[in-house]
Amino acid sequence: MRLRQAIVAALQDEMRSDPSVMIMGEDVAVAGGPFKTSEGLLEEFGPNRVRDTPISEMAFTGAGVGAAIAGLKPVVEIMFMEFLGVALDQLVTGAAKMRYLSKGQVSVPLVVRASVGSGSGFGSQHSQTLENWVTSTPGLTVATVSTPQTAYGIMRAAVRDPGPTIVLEPRALYAVRGPVERGESGILRLGKALIARPGSALTIVAMGQTVTTSLAAVEQSGIDAEVIDLLTLAPWDRETVLESVARTGRLVVVEEAPESGGWGSEIVAAVTRELFSSLAAAPFRITAPNAPVPYNRELEARFLPQPSEIARQLTSYLATDSVPAPWWVAEGIHHD
Amino acid sequence: MRLRQAIVAALQDEMRSDPSVMIMGEDVAVAGGPFKTSEGLLEEFGPNRVRDTPISEMAFTGAGVGAAIAGLKPVVEIMFMEFLGVALDQLVTGAAKMRYLSKGQVSVPLVVRASVGSGSGFGSQHSQTLENWVTSTPGLTVATVSTPQTAYGIMRAAVRDPGPTIVLEPRALYAVRGPVERGESGILRLGKALIARPGSALTIVAMGQTVTTSLAAVEQSGIDAEVIDLLTLAPWDRETVLESVARTGRLVVVEEAPESGGWGSEIVAAVTRELFSSLAAAPFRITAPNAPVPYNRELEARFLPQPSEIARQLTSYLATDSVPAPWWVAEGIHHD
Amino acid sequence: MTEATLATSASSVERRADLRAGAVQRFERIVEIRGFEERLNVLFASGAIHGTTHLALGQEALAVGLATELEPTDLVTGTYRGHALALALGMSPRAVLSEIMGKAEAPTGGLGGSMHLCDMAIGLLPTFAIVGAGLPVSVGAGLAFQYRQERHVSVALFGDGSTNIGAFHESMNLAAIWKLPVVFVCDNNVYGEYSRINLTTPIEDLHLRAASYAMPSAVVDGMDVPAVRTAVAEAVERARSGGGPTFIEAKTYRFAGHSRADTAPYRPAGELEHWQQRDPVLLARRALEAEGILDAAAIADLESRVGAALDETIETVRELPEPALATMFDNIWTPGEGAAR
Amino acid sequence: MTEATLATSASSVERRADLRAGAVQRFERIVEIRGFEERLNVLFASGAIHGTTHLALGQEALAVGLATELEPTDLVTGTYRGHALALALGMSPRAVLSEIMGKAEAPTGGLGGSMHLCDMAIGLLPTFAIVGAGLPVSVGAGLAFQYRQERHVSVALFGDGSTNIGAFHESMNLAAIWKLPVVFVCDNNVYGEYSRINLTTPIEDLHLRAASYAMPSAVVDGMDVPAVRTAVAEAVERARSGGGPTFIEAKTYRFAGHSRADTAPYRPAGELEHWQQRDPVLLARRALEAEGILDAAAIADLESRVGAALDETIETVRELPEPALATMFDNIWTPGEGAAR
Ligand SMILES: Cc1ncc(C[n+]2csc(CCOP(=O)(O)OP(=O)(O)O)c2C)c(N)n1
Ligand SMILES: Cc1ncc(C[n+]2csc(CCOP(=O)(O)OP(=O)(O)O)c2C)c(N)n1
Ligand SMILES: [Mg+2]
Ligand SMILES: [Mg+2]
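In order, the protein sequence lines correspond to chains U, Z, A and H.
The first sequence begins at 1 in the numbering used here and counts up by one.
The second sequence begins at 1 in the numbering used here and counts up by one.
The third sequence begins at 1 in the numbering used here and counts up by one.
The fourth sequence begins at 1 in the numbering used here and counts up by one.
Since the hints were made in silico from the structure, they are not lab data.
Backbone N, C-alpha and C fix where the C-beta goes; we use that ideal spot for every residue, glycine too.
Please note that the accuracy of each hint is not assured.
Simulated restraints on C-beta separations [as the list claims (entries may be wrong)]:
hint	chain 1	residue 1	chain 2	residue 2	range
1	Z	G178	A	R318	52 to 60 angstroms
2	A	A10	Z	E298	53 to 61 angstroms
3	Z	S322	A	A326	52 to 60 angstroms
4	U	G222	Z	G178	55 to 63 angstroms
5	H	L282	A	R151	19 to 27 angstroms
6	Z	E239	A	E38	30 to 38 angstroms
7	A	A21	H	G243	54 to 62 angstroms
8	A	R318	U	P47	53 to 61 angstroms
Just need the whole structure built from these sequences, with the hints factored in.
This is the structure we're talking about:
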């Protein structure tokens, strides 16, 4: 099934098994979701459990918090991650601290789903990933999805988790197809990374869209890289990453975010801290450029690190043991 | 003068020299600012140029954007950084992209000032630093201040800059005194770090409150550390930092932010990338714990890395060439 | 009136129930809140407590009237100016003060502080330090009640200045379109921080804003417990019976400055004095006397008893132990881990 | 009517001025917008353009009436549904289409796209893709005008659904309390995305919301250029003469779906047909005929001329060069660097 259908399936299975699970967001009910990630749910579960909201991100995100405190398990859809720019308060300064600020009297089993990223021609105000808005929030789990199976497994885990979770869904992957194992065995564990491809030459840490592009790059380059799909970004799975890099001695993080403020720095910093003396070469990041996401199709295609670009950098890295320049520097287009 | 007076002085000098500079925010006029950072400005410049706003962060931050586009140089005060949680959109998704989205037809010479950080007993919703909300925004300059002089110099530079700038002001430093050179020679350059203390044993990169605590730690420990006051966080001064670490071979970033999502990872990652083979030991971060800022005075005092804690880690690092555990691990209080 | 006085060991639920026992009990609660805030002011001024605080002097009647009409199973959000609300809803002075003093036994273990009072036994969510932030959460609690077809009510208490923030507007709209059992209570105390309402808000009668959402509204004398009770009772009844949300504007006045250091030099001359004639303590005292329930001597007795108890509480709380360092790592979710509730 | 037709090389300022030349010119612009959007729909459906687009079919009269009353020195914010506004204000079909097709010569160099049209020569700020985001910016532009005591006006155009977001409320309040020269124009086209207004908004007459801010308001037939002009002229005059902001609700109807893929299956039966009787093109055509300004033949001639010009523009724009890769790094501020303006 398609990734967006896997999300529907996850929500459906959770709603079937737990009557306190409900969803709300702009056009998630009658229209089945702007990206069809709730298709059929209104029909199956009715208007009490599947609700269209006004264009009021602050109110309905906060309503998710309040409903969660009062015992529901709300799943709130933020159509584009950017829209949290008016509602971040409710999640970061509010929801994430409720348990702490009540000494455990209050729980917030809330899921906020937000579509993220480039690749759909939506321009610079509808294509950011913006993980950094939420990653420095003790108490808030930040997860992401990369395939139909991980979408299914992460979503169900997020709904079940007693704390607030934000799930970042790369918009460009909604139509991607893959097998999905439904039911308990298809559920993933939040906080646990997956090894998307085992390997020994180096460790790639990727997330969301860059899992796909990294796997393609590995294919293209013929390098025996281990590709880790981080899945949960905060708190991320140090154990899996450290174990892998301890084996390979090399770390490359592939990110969709711009270099500045990107999530991969923390992986590099933590690995460097823990494994410095066993690293064979400098760990580094392959990122998007420090630029807004361009609209033009050709230009937008270059924004996300492409398989060929990743392959070029990996190959050069292994050949020289030094860190390659990104395409814009290598091609003399822009000097960092 | 006190740091908050240095801010007043900077605003005053800019307002005297440029009639298009104006300020607005909650209680910045009649009351002279909740933290007295605009004392006397209403009296000198009148109610057209110094404006109290309703409690409408979204509207008045956005009004700053619009006024800047229309030719003013607005300085918007966000009383506590947290309040941007309802207005981030205007800055990150809006202001920062206006030049790009107009092919240079539009400029946004806006300054947003926000008080940040712990140390004042304001509790977990009024003590965060939240740099990560803004650092991944190409087109937005993120600066901070550490002393009365840097407050003066950065503020004036920010007002003059043609692009949007957010200046993060550690609240706990407002009352700190220091000499201030007013006038052109007191103005700093955005994007340029300062060497707060030259040294050769290792390089400390600090910012805001941690500049003070790092200098005190150096004093306490007797270690000949170079302390760099980053001042501009995005884009940060790679040249100064790399040059220093190239000399010392060692990097320690001291941060107020929680370990997860903190700004220091990027410094560590970039330095590792560029100087891997010349590093004498693992670069690392001394951060606040992954926890909300506690209210209790004693507990809050431990949140920000204290001089004694920094000194302990530096000493251990130099003695062993390996990265020490943070206090909560070392004291067996919390295991990361 | 010894029999009317709750033991200091009374639970918050018992203290809540006590408000329904009679006018004397409500008066006593008003006196307690007043005495609490006055003493707190002294404690802060003397530097005995760090951080800041926001007193609700002048706003006691609204809190007590509101609390009287709610059940402990109703859920309430409040603000940083939350002591009166918390005490009225049933938290003990000891609980509130220990929170403000950051003590280990406090409801949040001393980690929350003055702006974050919480007691779920009486339906008080951790109060919100961000203006407007409680309103969407109250909408959500109302949603949960409607969802489960429960007759509980969700209540948001907030200030006049908060009606200028987006969250107010969005929350009112959402509650109205979904007909949720929410009561929005606006404590119009004339000021938002150091700004008088007329400087920030083009209308002074904030209940008129309900019309934008086709929401029933009421305006009430917030200094007078019976008036507050009537308005709240009507709104609560509407909510419980499926009639949807109500907006109540309570006209009050902030007798103190905005927060610790503020002496309110910006007040127009005579304004404070004008409002002091409608001081909730005064009004309640007069009503008891006029109705012959208590005479002046009995009132004086009650007031001194309450004061003495507060003084004792302060001494007790001062000596309570501080939280252990390790508690700063407690109650932060990590995925997979079980919830506390 | 050849003499009434602007050369395709006319500047955006000339195209703007042309709207004041007469009813024929305004009709021509309406026809141009209609033809542009219809052709765009086909282009998107055929996959010739990537991304998404939001057509303003049915909303032409509002855009044209509004543009007629504004000066190029007035500043306007619009939304992702911005083609009609941009064309009305004066951008050429070539400029708008090249933006949508991501071409190098487009006003943002092909980097902005359908949702971000900009031409500062006629006061059009980059249109906003975030609902409500333009309103605070318009308030700020109004602030600058008031600050410098200029007689310019700041205008925000936005949809009915946008009146439920916090930015709307905060912006109205701020403009009102500061008496800024801002005109808020709400294009009430009955839908926000796939939701009919009654499902998201407890009132249908959105102009009533202005009362919350003591702001003058007007409601107008947005399908009718003269009606729009009258309301806008009054608001603009109020703003220019220091009378502060106005809220105008224009009743229109969205003839197309929300965006590219949407066929609007959620419409009640007959609703579209009902509104089509008030199609702006129809109304304008009838008025010209009724007043004897143009006869049916002349109108048909005009329409076919405009259509042919649009077809030619499409062919031309298709062949325009794509932006160079390096342009994606242009026009991003770095501190210290000089500004473009
Ligand atoms: C979003 C936000 N903006 C600003 C503040 C700072 N602030 C705290 S209290 C306050 C005044 C609130 O006034 P009002 O709503 O009338 O409540 P009152 O304090 O009078 O009870 C302000 C501006 C805040 N806490 N949150
Ligand atoms: C903050 C935000 N929330 C949601 C959206 C997604 N969105 C785009 S257009 C739209 C509908 C807006 O409706 P309305 O204001 O009536 O304008 P119209 O599209 O009818 O012109 C929505 C919800 C957005 N762009 N921004
Ligand atoms: Mg108030
Ligand atoms: Mg609409």
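Checked hints:
1. Z:G178 <-> A:R318: 52 to 60 angstroms: Violated: the Cβ-Cβ distance is about 36 angstroms, outside 52 to 60 angstroms.
2. A:A10 <-> Z:E298: 53 to 61 angstroms: violated (31 angstroms)
3. Z:S322 <-> A:A326: 52 to 60 angstroms: With a Cβ separation near 26 angstroms, Z:S322 and A:A326 fall outside 52 to 60 angstroms, so the hint is violated.
4. U:G222 <-> Z:G178: 55 to 63 angstroms: Given a distance of about 59 angstroms, which is inside 55 to 63 angstroms, the answer is holds.
5. H:L282 <-> A:R151: 19 to 27 angstroms: violated (53 angstroms)
6. Z:E239 <-> A:E38: 30 to 38 angstroms: violated (58 angstroms)
7. A:A21 <-> H:G243: 54 to 62 angstroms: Since the Cβ atoms of A:A21 and H:G243 sit about 56 angstroms apart, the hinted range of 54 to 62 angstroms holds.
8. A:R318 <-> U:P47: 53 to 61 angstroms: Distance hint for A:R318, U:P47 holds at roughly 55 angstroms.
This entry does not satisfy hints 1, 2, 3, 5, 6, going by the numbered hints stated previously.
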